[in-house]
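Number of protein chains: 2
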Amino acid sequence: MTQTVITGSGLYTPPNSATNEELVAAFNKHVDLYNQKHAAEIEAGDLEALQYSSEAFIEKASGIKSRYFVDASGILDPERMIPNANEGTWVEDKTKMSQMIMAIEASEKAMEEAGLQPEDIDLIVFSSTIMQQHVPSMAITLQSILGTKGFAYDTQMACSSATFGLAQAESFIKSGMAKRALVVTAEYLSPLMNYKDRDSHFIFGDVGVATIVEREDLMKGNKGFRMVSSRLHTELSENITAYWSFVSRLTPEKIDDSYLYFKQEGRKVFKELLPMVIGLIGDHLEENDLAASDLKRMWLHQANINMNLFAAKKLLGRDPSFEEAPTVLEEYGNTGGAGCIIAFDKYHDDFKAGEKGILCSFGAGYSIGSVVVEYIKK
Amino acid sequence: MTQTVITGSGLYTPPNSATNEELVAAFNKHVDLYNQKHAAEIEAGDLEALQYSSEAFIEKASGIKSRYFVDASGILDPERMIPNANEGTWVEDKTKMSQMIMAIEASEKAMEEAGLQPEDIDLIVFSSTIMQQHVPSMAITLQSILGTKGFAYDTQMACSSATFGLAQAESFIKSGMAKRALVVTAEYLSPLMNYKDRDSHFIFGDVGVATIVEREDLMKGNKGFRMVSSRLHTELSENITAYWSFVSRLTPEKIDDSYLYFKQEGRKVFKELLPMVIGLIGDHLEENDLAASDLKRMWLHQANINMNLFAAKKLLGRDPSFEEAPTVLEEYGNTGGAGCIIAFDKYHDDFKAGEKGILCSFGAGYSIGSVVVEYIKK
Numbered sequence: 000m001t002q003t004v005i006t007g008s009g010l011y012t013p014p015n016s017a018t019n020e021e022l023v024a025a026f027n028k029h030v031d032l033y034n035q036k037h038a039a040e041i042e043a044g045d046l047e048a049l050q051y052s053s054e055a056f057i058e059k060a061s062g063i064k065s066r067y068f069v070d071a072s073g074i075l076d077p078e079r080m081i082p083n084a085n086e087g088t089w090v091e092d093k094t095k096m097s098q099m100i101m102a103i104e105a106s107e108k109a110m111e112e113a114g115l116q117p118e119d120i121d122l123i124v125f126s127s128t129i130m131q132q133h134v135p136s137m138a139i140t141l142q143s144i145l146g147t148k149g150f151a152y153d154t155q156m157a158c159s160s161a162t163f164g165l166a167q168a169e170s171f172i173k174s175g176m177a178k179r180a181l182v183v184t185a186e187y188l189s190p191l192m193n194y195k196d197r198d199s200h201f202i203f204g205d206v207g208v209a210t211i212v213e214r215e216d217l218m219k220g221n222k223g224f225r226m227v228s229s230r231l232h233t234e235l236s237e238n239i240t241a242y243w244s245f246v247s248r249l250t251p252e253k254i255d256d257s258y259l260y261f262k263q264e265g266r267k268v269f270k271e272l273l274p275m276v277i278g279l280i281g282d283h284l285e286e287n288d289l290a291a292s293d294l295k296r297m298w299l300h301q302a303n304i305n306m307n308l309f310a311a312k313k314l315l316g317r318d319p320s321f322e323e324a325p326t327v328l329e330e331y332g333n334t335g336g337a338g339c340i341i342a343f344d345k346y347h348d349d350f351k352a353g354e355k356g357i358l359c360s361f362g363a364g365y366s367i368g369s370v371v372v373e374y375i376k377k
Numbered sequence: 000m001t002q003t004v005i006t007g008s009g010l011y012t013p014p015n016s017a018t019n020e021e022l023v024a025a026f027n028k029h030v031d032l033y034n035q036k037h038a039a040e041i042e043a044g045d046l047e048a049l050q051y052s053s054e055a056f057i058e059k060a061s062g063i064k065s066r067y068f069v070d071a072s073g074i075l076d077p078e079r080m081i082p083n084a085n086e087g088t089w090v091e092d093k094t095k096m097s098q099m100i101m102a103i104e105a106s107e108k109a110m111e112e113a114g115l116q117p118e119d120i121d122l123i124v125f126s127s128t129i130m131q132q133h134v135p136s137m138a139i140t141l142q143s144i145l146g147t148k149g150f151a152y153d154t155q156m157a158c159s160s161a162t163f164g165l166a167q168a169e170s171f172i173k174s175g176m177a178k179r180a181l182v183v184t185a186e187y188l189s190p191l192m193n194y195k196d197r198d199s200h201f202i203f204g205d206v207g208v209a210t211i212v213e214r215e216d217l218m219k220g221n222k223g224f225r226m227v228s229s230r231l232h233t234e235l236s237e238n239i240t241a242y243w244s245f246v247s248r249l250t251p252e253k254i255d256d257s258y259l260y261f262k263q264e265g266r267k268v269f270k271e272l273l274p275m276v277i278g279l280i281g282d283h284l285e286e287n288d289l290a291a292s293d294l295k296r297m298w299l300h301q302a303n304i305n306m307n308l309f310a311a312k313k314l315l316g317r318d319p320s321f322e323e324a325p326t327v328l329e330e331y332g333n334t335g336g337a338g339c340i341i342a343f344d345k346y347h348d349d350f351k352a353g354e355k356g357i358l359c360s361f362g363a364g365y366s367i368g369s370v371v372v373e374y375i376k377k
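Chains A and B are the protein sequences, given in the same order.
Here the first sequence is numbered in numbering that gives the first Met the number 0, starting from 0 and rising by one per residue.
Here the second sequence is numbered in numbering that gives the first Met the number 0, starting from 0 and rising by one per residue.
Simulated from the structure, these hints should not be mistaken for lab results.
Don't take every hint at face value.
As the list makes no split between identical chains, a pair holds if one copy fits it or if it spans any two.
As the list claims (entries may be wrong) - Listed below are the simulated DSS-like cross-link pairs for lysine-lysine, each with C-alpha atoms no more than 30 Å apart in a straight line:
{"#": "1", "residue 1": "Lys376", "residue 2": "Lys148"}
{"#": "2", "residue 1": "Lys267", "residue 2": "Lys93"}
{"#": "3", "residue 1": "Lys95", "residue 2": "Lys270"}
{"#": "4", "residue 1": "Lys313", "residue 2": "Lys195"}
{"#": "5", "residue 1": "Lys148", "residue 2": "Lys312"}
{"#": "6", "residue 1": "Lys148", "residue 2": "Lys267"}
{"#": "7", "residue 1": "Lys253", "residue 2": "Lys195"}
{"#": "8", "residue 1": "Lys93", "residue 2": "Lys270"}
{"#": "9", "residue 1": "Lys253", "residue 2": "Lys219"}
{"#": "10", "residue 1": "Lys195", "residue 2": "Lys345"}
Because the structure is a prediction, the values reported are computed rather than measured.
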């Protein structure tokens with residue numbers, strides 16, 4: 000059967016960021032304002048006082064020290080606590096649209112690494128948690144901006160957006176409907192968050208990543224990561240939710256309802272999802288006659304440091320080195336479907352022909368995407 | 000290579016509808032209210048008076064006589080002119096969610112026709128213009144409700160949602176990652192419309208459709224439509240738009256801005272898109288050594304009667320019979336990505352082994368999806 004190869008990747012990092020210190024300062028000021036405003040009810044025992052967040056709590060719970068945002072000013076404003084609209088929110092020139100800016104730069108870098116021109120590409124899979132524009136789609140708009148050929152479509156898979164996008168590209172190439180694909184995961188997550196929620200206000204950052212998948216016999220360059228085997232799995236959980244959708248138009252009075260935005264039962268996720276992930280990766284490796292120790296690297300989903308280390312340790316049977324399971328959490332935070340590709344983008348230049356690795360996403364849905372790759376050089 | 004077969008389809012029709020007469024009555028009352036309210040400005044020449052709609056205009060422009068809605072009461076309320084929220088808008092029991100109700104019934108009918116149980120299915124492609132829930136996804140939620148296996152994901156392609164979904168299912172089966180897929184297009188479009196716009200208030204209806212795609216050698220039944228060849232194409236146009244997205248949260252003051260909701264430059268679409276469609280279908284048939292006259296049926300996108308007849312006539316070189324290019328526009332209106340599957344669902348029982356047809360979508364994006372099928376019986 001046709002082989003497919005990942006021949007390029009690209010990363011876009013937004014220009015704004017927030018450290019734990021900055022985020023905690025804004026959050027705690029919000030807590031003060033809230034508690035002052037509701038002092039009487041709190042005093043009377045009718046309302047619970049909000050509790051401070053802290054840098055120590057955040058770092059212990061997540062390993063995250065900072066994250067990037069399309070807009071940090073609104074998030075860091077204790078009177079607002081959601082991103083401000085900016086010149087990329089509603090804009091006629093689509094190259095200036097916030098999520099598109101991420102997609103364009105990541106795509107251009109990925110094409111450059113693969114040695115491709117836009118017209119070499121005949122498929123764009125724009126695979127992200129959520130889209131800034133629906134009609135026309137993000138994918139077709141990007142196709143027009145870059146000048147790629149063929150077809151382009153949007154798809155969504157939350158934390159597994161990139162791996163599911165890779166598997167879709169692989170499938171379209173194997174079915175003969177495409178030859179070279181650009182897979183884009185532009186995670187513009189900040190407008191979906193609840194920055195007033197102590198348990199989750201620190202988790203996510205915005206980021207864009209892209210990869211190129213080519214039919215191996217048509218590769219323009221001479222090296223890449225052959226997609227040896229891909230496996231996808233989903234199983235419903237309501238422990239990670241963001242219910243907000245277009246029906247919000249029908250109920251504008253609910254626009255600030257915390258029910259609609261990101262919520263997570265972190266402990267349940269840890270307890271339920273990790274065994275599934277470890278089981279699935281273990282099975283997937285076994286099917287390919289591999290052990291975790293045969294892998295040079297695991298580019299794992301970047302959810303939080305404890306999950307990442309737990310998963311890598313269980314699979315290896317010992318503590319992983321940074322080279323075996325690199326993390327980007329400290330700097331980027333959890334970036335939804337993009338996390339494993341940031342790790343891949345930053346840490347893949349040291350591979351030699353025949354060395355293997357695994358890209359693995361896991362999270363909301365639940366969803367798990369696992370892609371075993373082997374470095375090839377012609 | 001592995002062959003894939005469409006072995007079932009299903010249709011869900013919402014319980015509420017609106018005739019042209021009802022829609023025009025509400026629209027014209029809205030016009031009266033607006034013109035009365037702004038009488039002074041209109042009189043002074045500072046504002047243009049709104050114009051009435053009419054049943055004759057609608058029928059001539061579109062061929063549509065009625066359409067179905069999740070909620071008609073809000074649309075037919077001249078003081079509101081958008082759907083009302085109802086018990087399916089925000090609901091904990093996901094089987095009662097408006098878009099999910101459509102998906103469940105259509106899916107069950109499709110599985111029944113294919114003779115499948117939910118556990119036979121290992122892939123759900125939930126392919127619709129827009130989703131009522133993002134995290135967890137519509138697809139994974141449906142997977143859990145039905146009890147299907149494997150994986151499930153959401154994808155969006157406006158007017159070509161169903162054909163792009165079919166091609167994705169086909170590709171995943173051909174790549175070996177799935178064996179039997181359920182492709183769901185639940186078009187809950189009414190909350191994205193601008194019912195105050197005379198040029199478009201009558202176009203769309205809500206509806207749900209589903210199809211089953213199986214690997215031919217694993218078919219449980221003994222008949223179906225083999226997917227002979229699929230072709231997808233996209234090319235950017237801003238002549239059909241619905242810009243509304245999750246960044247709306249950042250600008251709640253814009254919630255009623257007509258810029259955000261469905262708009263169409265109908266004449267430009269007719270002029271630009273139809274030649275692309277006719278060219279693409281013509282090429283696609285030629286590649287498969289077929290002429291339009293070799294097809295028993297063309298299940299075309301249901302946009303409006305003039306586009307449908309124009310396309311069918313150009314391809315055949317003569318006027319099509321209803322059997323050759325059936326329309327469902329009169330009753331259902333334009334149903335976005337679901338249209339060609341409604342036509343397929345209603346008109347496919349008379350096929351004999353070896354007879355061929357084409358499923359073709361075209362519209363927003365622009366996007367075109369073309370699937371040549373051949374009826375097989377074992």
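Hints not upheld, ascending by number: 4, 9 and 10
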